[in-house]
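Enquirer: Using the supplied hints, reconstruct the complex from the two chains, each of which is provided in its own coordinate frame.
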Amino acid sequence: MTNITDQGLVHACSAIAAAVVMLGSGLGPALGQGYAAGKGAEAVGRNPGARSEIMTTMLLGQAVAETTGLYGLVVALILMFVKPFG
Amino acid sequence: MMQTMLYSAETPDLDFYIKGVFSYELFGQTLWITSTHLSMFVVSLVLIILALVVNRRMKRATEVPTGLQNAVEYGIEFLENLIDGNMGKGKGHGYIGFVGTVFLFVLFSNLSGLFGLRAPTADFGVTFAIGITTFLVIQSTGIRAHKLGHFKALFEPLPFLFPINLIGEIAVPVSLSMRLFANILGGTIIVALWYGLLPVFFNIGLPSFLHAYLDMFSGCIQTYVLCMLATIYIGDKM
Chain A
1 MTNITDQGLV HACSAIAAAV VMLGSGLGPA LGQGYAAGKG AEAVGRNPGA RSEIMTTMLL
61 GQAVAETTGL YGLVVALILM FVKPFG
Chain B
1 MMQTMLYSAE TPDLDFYIKG VFSYELFGQT LWITSTHLSM FVVSLVLIIL ALVVNRRMKR
61 ATEVPTGLQN AVEYGIEFLE NLIDGNMGKG KGHGYIGFVG TVFLFVLFSN LSGLFGLRAP
121 TADFGVTFAI GITTFLVIQS TGIRAHKLGH FKALFEPLPF LFPINLIGEI AVPVSLSMRL
181 FANILGGTII VALWYGLLPV FFNIGLPSFL HAYLDMFSGC IQTYVLCMLA TIYIGDKM
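Chain order of the listed sequences is A and B.
Just so you know, the working numbering puts 70 at position 70 of the first sequence, and the rest follows in order with no gaps.
Just so you know, the working numbering puts 37 at position 37 of the second sequence, and the rest follows in order with no gaps.
Note that these hints are calculated values from the structure, not bench results.
There could be a bad hint or two in this list.
What the hints assert, rightly or not - Over 10 Å on every C-beta distance to chain A, these chain B residues come out as not near it, computed from the model:
id, residue
1, A145
2, F155
3, N165
4, L206
Unchecked claim - Pairwise CB distance ranges (calculated):
id, chain 1, residue 1, chain 2, residue 2, range
5, B, V53, A, G86, 50 to 58 Å
6, A, L60, B, G97, 20 to 28 Å
7, B, P199, A, H11, 25 to 33 Å
8, B, V54, A, G49, 31 to 39 Å
9, B, S175, A, H11, 23 to 31 Å
10, A, T5, B, A153, 50 to 58 Å
11, A, G28, B, K147, 36 to 44 Å
12, A, K39, B, D236, 22 to 30 Å
13, B, G97, A, T5, 51 to 59 Å
Bear in mind that the values here come from a model prediction, so they are computed numbers and not experimental data.
Think of the CB as a built atom: it goes at the ideal place given N, C-alpha and C, for glycine as much as any other residue.
Excised from the complex, chain B in its bound form (with noise of 0.2 Å):
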């Protein structure tokens, strides 16, 4: 349901639908490439490019940095501080790379509002998508840590608890996704009216404002609120 919702263009002045670019056929189903498609694609092409270029600048690293170096080391300690805070010092070494990989995307794709894309964030799908993995991570990480007693620990304190429990550990990627989701659809959506029904006068410089709480501000502390939220989880079935 989700998913329809921002189909349909019936004001074609406002402009914070999904759109579909191409349609294909699959097994007799219709199916679309979004605009959602072509912002992720655009946003994973520049991390890999960032990917490539700080690989190449790190195999001759100095021991004083400089430069790129010195970024990049910021951004790992920031990782390892947050990771080292909510799971335990030394402990959450291994979930590095997946805290890293979904704070990077979602970081980026929070700040491709900026620069004319419709931000992947704000569909439901990535941001479920996310919400998910999070969730086999933790549940993942549960089972290695007490075998059998990660579901034991679903009937404690007392048996007949068990669907309450059930409930608090489903709910945990609807509202880490819907958190994301809403918020960077919110500021999307506000954008567009700015844009759209305002006389062209107010659109000049104006929006850069808007355009600094909502993307830059706003996406930047979703993105810390969402690792954070899911290094807590993971830590707390460690």
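Only chain A is shown next, with the shape it has when bound in the complex (with noise of 0.2 Å):
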């Protein structure tokens, strides 16, 4: 373990740091999404006929809710592959 040079280290963390950006912008999102897709469920039950009006706005507020999660996926791009820390 002595043989590794400091660039590897700063790489390897930056990996590290890369997989828990999308650990924690994974998990956001995606129960955003699904609280957006149950409340959506809930809505067609209570009212049948307003089915594709319901449909687009919960598609609408996913895609919005999204936006954090790919922010962390561009701030795992950038520790992976433009390296800023060395």
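Expert: This is how it looks when you write it as structure tokens:
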């Protein structure tokens, strides 16, 4: 274990950080989107006539809720490919 | 930084990098024509040809629409509904050109991944340009509607909230462009990983589901979200 270079250590830490970022930013939007889908199903159950309207609103809300996850993805990609710390 | 992010191809079997096609010198700097430029050129060409064909067809438009006229009228009605719904009925008629242009360009760019091109919207340079343009349209709408009151609104409700309001204004183009960029880039990377890292057996037929979800569904939804948010922000300033 003595022949790890400083740069290699930084890259390894960057990879771990990217994994942690994806863990957090994958979990949040998943919960949010699932909650929105559940509420959408509830709304369709209550008012089946407005199905298409509810569907559009739900998908839009989910697409916006996904944004934080995508920010996390960008941070992970920067950590992996730009290697800002070395 | 984002620009240089995906240029170098260290792992040749992964095909999601922006590739330089040829370089040229301008004012002592080396600039590159990349795959983004090429696919943008193709998308623009398709849109121009579509515009010419539609223009010629609509000169002899009929009362009862058929064929292409049907599709065009559906598209225009869709955009009008989007703008009327978010800006107020009849108020946003001058914006249909801008929103329509962004909509068509982004939609065709997102769908271009289906034809083997690298989607232009998976390059932050393209989406940030769209975001900046939207920002300028939003601000000019506010200045035209409220004159100096547009800048006074930054100091409301309390003067010391100015920095937060300013950040809120500047975050608009960043979040708009980042959302589109990351979505399409994520799709591109997943498809490239599938093609590059799995045995050949998995590349027959199965990727069509990936393309259907990532390119078509996600691309269309993101196009709609982008245009809807742009109209909402513009309508906010009117």
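Enquirer: Each of the hints needs a verdict: does it hold here or not?
Expert: Right, here's what the structure says about each hint:
no., hint, verdict
1, A145, "holds (26 Å)"
2, F155, "holds (28 Å)"
3, N165, "holds (21 Å)"
4, L206, "holds (23 Å)"
5, B/V53 x A/G86: 50 to 58 Å, "holds (53 Å)"
6, A/L60 x B/G97: 20 to 28 Å, "holds (23 Å)"
7, B/P199 x A/H11: 25 to 33 Å, "holds (28 Å)"
8, B/V54 x A/G49: 31 to 39 Å, "holds (35 Å)"
9, B/S175 x A/H11: 23 to 31 Å, "holds (30 Å)"
10, A/T5 x B/A153: 50 to 58 Å, "holds (54 Å)"
11, A/G28 x B/K147: 36 to 44 Å, "holds (41 Å)"
12, A/K39 x B/D236: 22 to 30 Å, "holds (26 Å)"
13, B/G97 x A/T5: 51 to 59 Å, "holds (56 Å)"
Consistency note: the structure conflicts with none of the earlier hints.
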